[in-house]
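Student: If you're matching positions, the sequence shown starts at -14 in this note's numbering and goes up one per residue.
Derived by calculation from the structure, the hints in this document are not laboratory data. Computed from a predicted model, the values in this text were never measured in an experiment. A couple of the hints might just be wrong.
Have a look at the derived ranges for each label pair, beta carbon to beta carbon [unchecked claim]:
1) Arg(-7) <-> Glu127: 38 to 44 Å
2) Gly62 <-> Met5: 19 to 25 Å
3) Ala115 <-> Met5: 18 to 24 Å
4) Ala21 <-> Pro128: 23 to 29 Å
5) Glu127 <-> Val18: 20 to 26 Å
From the three backbone atoms N, C-alpha and C, an ideal C-beta is built for every residue, glycine too.
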Amino acid sequence: SGGSLVRRFFHFFEGKILEMSGTGSAHYRLRFVPSAAQLTEELSAPLRANSTAITDRRPLVLEADHFDRIRNLCAAGAVEAATEMLTEATVEGELAECLAADLARPVASGAFVAIKSRRSRSGNEVAGFAILEGSHSIWIMEPREQVSTAEVQLTAADPQMIRDRFLELLPA
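All chains, please: the whole structure from these sequences, using the hints.
Tutor: See the structure below:
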């Protein structure tokens, strides 16, 4: 939404946390983060504590293609059409209105992805989620794979839920 993109990568090794950050140029800043608690606070600091208008924390599950169409409508300013598509997908009226408004005018967004490297042939383990903060709420967005279709699970959250979910991704 007009803000600058900052990429932050964290490497966990031997009980230490190394941050590599930059804005897309060839220059990155390296620094050690003293603890997982400080890292969590730094990452959650931009989340507005008052973005908690939605108290219904039950996850919404939408087909990924359907969600992409809704998101594209919102980006084009067709919030009413997006709201209608959400209600047709069994999202309740007020919740549909809030989600469509947040998709149309996000305050902030980001993604947390953890890649656990393995030294075996089994490959890497990847887990993560995206967040979207709007004027109504903060949303946790997670991909879900079903047998025949890809889905997106959206959960209205508060800053503490984001912190808890982030901590689940950190190495033990």
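Student: Could you run down the list of hints and mark each one as holding or not?
Tutor: Right, here's what the structure says about each hint:
1. Arg(-7) <-> Glu127: 38 to 44 Å: Given range 38 to 44 Å: violated, Cβ gap about 20 Å.
2. Gly62 <-> Met5: 19 to 25 Å: Cβ of Gly62 to Cβ of Met5: about 37 Å, so the range 19 to 25 Å is violated.
3. Ala115 <-> Met5: 18 to 24 Å: Holds, since Ala115 and Met5 (Cβ atoms, about 20 Å apart) stay within the stated range.
4. Ala21 <-> Pro128: 23 to 29 Å: Once the Cβ atoms are compared, 25 Å apart, the range 23 to 29 Å for Pro128 and Ala21 holds.
5. Glu127 <-> Val18: 20 to 26 Å: 25 Å, holds
Violated hints, listed in ascending order, are 1 and 2; each of the other numbered hints is respected by the structure.
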